[in-house]
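Chemist: Whenever a hint applies, use it, and build me the whole structure from the sequences.
Protein chains in written order, with the numbering used here: chain Z, 1 to 376; chain L, 377 to 668; chain S, 669 to 905.
By construction, these hints were calculated from the structure, which means they are not laboratory data. Incorrect hints may appear among the rest.
Pairs of lysine-lysine, DSS-like flavour, derived with a Cα cap of 30 Å [said to hold, decoys possible]:
1. S:K824 to S:K725
2. S:K824 to S:K737
3. S:K824 to Z:K340
4. S:K737 to S:K882
5. S:K725 to L:K465
6. Z:K340 to L:K465
7. S:K725 to S:K737
8. S:K725 to S:K882
9. S:K737 to L:K465
10. S:K882 to S:K824
Estimated spans, in silico, between C-beta atoms of each pair [claimed, not checked]:
11. S:G732 to Z:A338: 49 to 59 Å
12. S:S739 to Z:L216: 30 to 40 Å
13. Z:T217 to L:Y634: 48 to 58 Å
14. S:L790 to L:V449: 40 to 50 Å
15. Z:V119 to S:A705: 45 to 55 Å
16. Z:L216 to L:L526: 39 to 49 Å
17. S:D887 to Z:A338: 44 to 54 Å
18. S:E733 to L:L541: 21 to 31 Å
19. S:M738 to L:V535: 48 to 58 Å
20. S:L790 to L:L541: 20 to 30 Å
21. Z:A339 to L:P497: 55 to 65 Å
22. L:S491 to Z:D299: 17 to 27 Å
23. S:A705 to Z:S346: 30 to 40 Å
24. S:A683 to L:S491: 52 to 62 Å
All C-beta atoms, glycine included, are put in the ideal place defined by N, C-alpha and C.
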Amino acid sequence: MAGLRSTVQALTAKRWFRLPRQPMLRHLSFAAVAAVALYFLTQWLSAFNDYEVGQIGFYAIALAGLTLLTGINGQISLGHGGFMAVGGFTYALLVEHTTWSLVPELLVAVGVSAVVGAVIGIPATRLRGPYLAGMTLMVALGLPYITNQYNSIFGGDQGLNTPPPTGPASVNPTEWLTWIQLLGALIVLVLLGNLVRSRFGRSFRAVRDDEIAASLTGIHVARTKVIAFMVSAGCAGLAGAFLALSAGGVNSAEFPLALSIYILAGVVLGGTGSLMGVWWGAIIIVYLPTQWSQSLASDFHANALVSANLAVIIFGLVLIVTMLVAPGGIQGGLRWLAAKGAAYLSSGGVSNMTLSLQEPTDRPVSDGESVRTTTK
Amino acid sequence: MQFFLDITLGGIATGMIVSAVALGLVLIFRATNVVNFAQGAMSMITTYIAYDVLRRGADYWLAFVVALAVGLVFGAITQSVLIRPVQGKSPLNAIIVTFGFLIFLEGLAGAIYGSTARNYPAPFSLSGQKLGGTQIAFSPFDLFVVVAVLVLMGLMLVVFRGTDLGLRMRAVAFAPEAARLLGVRVRPLLTLGWALAVAAGAMAALLVVPTSSLTPNFMDVILIYGFTAAVVGGLDSPVGALIGGLVTGLSLAYVGGYLGGSLEPMAALALVIVSLMVRPEGIFARPAARRV
Amino acid sequence: MSALEIDSLSVSYGAVHALTDVSFNAAEGQVTAVLGANGAGKTTLLRTISGLVQPRKGSIRFDGERLEKMSVEQIVRHGVSHVPEGRSVIEEMTVEENLRLGALWRFGRRERAGVIDEIYELFPPLSERRRQHANTLSGGERQMLAIGRALVARPKVLLLDEPSLGLAPIVTARLMAVLRDLTAASELVVVLVEQNARSSLSIAQRAVVINLGKVVVSDDAATVASDTELRHHYLGY
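Modeler: Here it is in structure tokens:
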């Protein structure tokens with residue numbers, strides 16, 4: 001064991017083993033490696049699995065936006081599916097009424113979602129905790145009513161069509177869409193990763209931790225909160241547009257309240273505030289309501305009622321159990337393991353290893369250990 | 377004119393129910409500084425249990441008592457198991473836990489009972505009464521609703537202002553640490569607060585269900601309205617819960633009556649936003665900050 | 669009655685050592701002043717005695733019992749009453765309700781009126797304001813209420829955290845006089861934490877000076893008051 005320990009120490013002490021220092025370069029190198037790996041993955045998988053990987057991609061985008069808003073800026077949103085709906089419907093309307101190409105349409109969808117994010121975010125600056133949560137919940141519940149009221153624009157029950165984009169003739173359309181979605185995810189994650197480490201990221205966290213202290217250091221608290229909402233809503237909007245592409249069309253049934261719940265659960269499970277953790281949450285959102293719960297239901301010979309509700313039951317349990325047992329989510333758990341491993345491998349002092357799983361002063365939502373003892 | 381009167385009366389009845397829900401939310405918030413998003417879902421469960429009791433041949437009032445008793449126990453257990461671990465921590469944790477509990481309970485009810493609507497009887501007639509020759513849209517059941525909620529609020533008032541227990545609970549809600557230093561046992565009181573709040577919610581659900589129908593989601597929209605009422609009236613004021621409930625009930629009735637029923641959730645949202653922009657703490661909330 | 673014996677008490681908040689090896693005795697019928705600069709650990713000391721904070725090591729002995737392992741509720745029932753820093757009165761309640769709250773754990777309905785009346789005798793201004801809400805009281809009256817509420821259950825140990833904070837000198841003087849007379853008459857153990865060393869030394873019999881979590885002086889109050897160098901160094905006057 002001592003031999004292993006000293007070997008690892010020696011390896012990590014050498015400079016060439018370290019990752020590039022500047023955040024942007026580091027993120028880009030990660031993204032490049034990931035892009036290559038994902039390319040090979042999509043080649044290896046069948047078309048349907050590609051489709052699912054693409055879904056994982058865009059759910060990761062939505063989760064990234066929400067984890068930024070809630071974990072890093074401290075504002076909870078129980079209705080993020082609503083922003084996805086805005087993005088999805090905007091994109092669909094553009095497809096219906098214009099002849100623009102994919103990228104401008106996506107960008108406009110993002111922009112519109114960001115604007116709606118500002119509309120919600122501005123009154124939200126006055127709210128804290130449960131009030132904010134309640135208000136966002138009401139938004140999510142009320143949105144279907146709007147789309148139903150204005151049937152002619154939004155296409156009513158049938159909704160609007162969004163055919164997948166055509167790529168080069170040699171590429172399978174599903175595969176092409178998947179690449180686009182994954183590329184979108186990587187771009188968003190790189191951008192958000194840089195944002196988190198930038199001055200903005202610092203002001204987000206400062207506002208989360210102590211609004212009064214933040215304003216005393218010159219941070220414009222309300223503006224920061226609105227920007228966080230806009231960025232987060234923009235991400236959700238992009239994800240909603242991608243969802244529309246995957247589904248081939250949009251109607252209000254594509255964006256039920258359950259979607260908002262899944263997104264929240266995905267963020268919590270992955271690790272609130274962790275950009276790396278969004279992949280875990282996205283995987284769960286894609287596989288749990290469909291394949292996993294179906295196989296679970298058939299394993300236990302559950303009746304129709306149970307299997308229809310199993311996904312919701314499990315997601316509810318995920319939210320509760322994660323918060324009670326492991327508030328840092330999966331990423332938090334991995335970080336804890338890595339810290340234990342580092343402590344073991346170094347001689348009890350400060351570890352030399354630059355752990356790629358670590359993110360800057362990211363506190364999981366759970367970090368409520370205060371100096372004063374709290375009353376029970 | 378008749379229409380206006382009918383709508384107003386309907387709004388009052390709805391408003392009273394909403395007040396009862398808001399009261400449960402206020403109780404829990406004042407005692408434990410947590411908004412119980414699962415309040416509606418928990419009272420849905422107590423209603424299903426009461427329904428089962430009815431199906432076995434019991435009469436309405438036995439089922440009523442059972443629902444309240446189950447509510448007490450349910451609230452106590454939930455607080456001890458789910459809420460105590462997250463109480464001292466960031467408020468986001470409690471929000472997520474109660475929200476997760478909400479959807480868990482709705483999924484559970486769906487799995488056990490399915491989503492087919494069931495009928496739950498009312499103890500009194502649901503048809504509007506004749507008052508001096510004119511037909512008004514206020515039934516004996518509506519009267520029961522108003523009376524029941526007033527009795528509930530009266531009981532709360534008596535307990536909180538007149539008894540030692542109420543004094544302790546108020547102390548724990550306003551200044552938990554100071555209360556501890558005076559020998560008040562805080563933990564059991566928090567549990568008791570939840571027990572009472574969920575029992576109040578159970579009663580509110582029984583007042584809703586005869587005119588709605590029993591499904592796993594039937595309390596969702598009432599929770600939203602209860603939340604609206606609590607925001608308008610102030611999340612830490614029982615009187616505010618009552619006034620907020622009436623304001624909400626009447627507003628929704630007028631919007632629904634004159635503009636269309638599907639706009640009611642939007643009206644509630646608008647009410648919340650306006651209330652928060654004008655007076656974020658609510659009309660009746662105390663301006664003093666909460667102390668640790 | 670016995671003395672309050674603090675022995676080798678050490679308290680940490682995570683990596684921060686708030687108190688290290690604090691030892692002293694506070695005798696009954698005496699005021700023991702605990703002095704020191706801001707952040708020295710005085711408040712932590714009181715919070716540890718009353719049970720809000722658990723010590724890392726050391727013991728707190730009173731009346732033959734070891735208090736450091738008990739819960740706050742148990743410690744209160746052993747006769748320890750802690751008046752925390754700041755105006756700890758419950759503003760949303762009346763004066764009478766605040767006092768009643770203090771009496772609840774010990775006295776049933778019948779005896780309560782009697783013990784509350786004793787507090788009204790001790791602090792006449794409170795008597796005039798029985799039915800008023802506590803947020804209408806002046807600073808001095810609130811402190812009287814806080815102390816009165818702590819005394820209602822007839823404690824054996826009274827812990828006071830900066831009672832003179834924010835009060836005018838004349839009000840402070842009156843408060844200190846009441847404390848002095850009360851202690852002498854009742855064999856109360858009084859631990860008085862103050863930044864305002866002068867006023868507390870004037871009524872104390874013993875003084876303990878804490879600096880950076882450690883006891884630097886533990887002596888008669890008169891000796892400490894006359895030691896000008898010590899006063900300059902640790903107490904700022």
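Chemist: Indicate, hint by hint, whether the structure satisfies it.
Modeler: Against the structure, the hints come out as follows:
no.	hint	verdict
1	S:K824 to S:K725	holds (24 Å)
2	S:K824 to S:K737	holds (19 Å)
3	S:K824 to Z:K340	violated (48 Å)
4	S:K737 to S:K882	holds (22 Å)
5	S:K725 to L:K465	holds (26 Å)
6	Z:K340 to L:K465	holds (24 Å)
7	S:K725 to S:K737	holds (10 Å)
8	S:K725 to S:K882	holds (14 Å)
9	S:K737 to L:K465	holds (24 Å)
10	S:K882 to S:K824	holds (26 Å)
11	S:G732 to Z:A338: 49 to 59 Å	holds (50 Å)
12	S:S739 to Z:L216: 30 to 40 Å	holds (38 Å)
13	Z:T217 to L:Y634: 48 to 58 Å	holds (50 Å)
14	S:L790 to L:V449: 40 to 50 Å	holds (45 Å)
15	Z:V119 to S:A705: 45 to 55 Å	holds (52 Å)
16	Z:L216 to L:L526: 39 to 49 Å	holds (48 Å)
17	S:D887 to Z:A338: 44 to 54 Å	holds (53 Å)
18	S:E733 to L:L541: 21 to 31 Å	holds (29 Å)
19	S:M738 to L:V535: 48 to 58 Å	violated (31 Å)
20	S:L790 to L:L541: 20 to 30 Å	holds (28 Å)
21	Z:A339 to L:P497: 55 to 65 Å	holds (59 Å)
22	L:S491 to Z:D299: 17 to 27 Å	holds (24 Å)
23	S:A705 to Z:S346: 30 to 40 Å	holds (39 Å)
24	S:A683 to L:S491: 52 to 62 Å	holds (54 Å)
The structure fails hints 3 and 19 (numbered hints given earlier, in ascending order).
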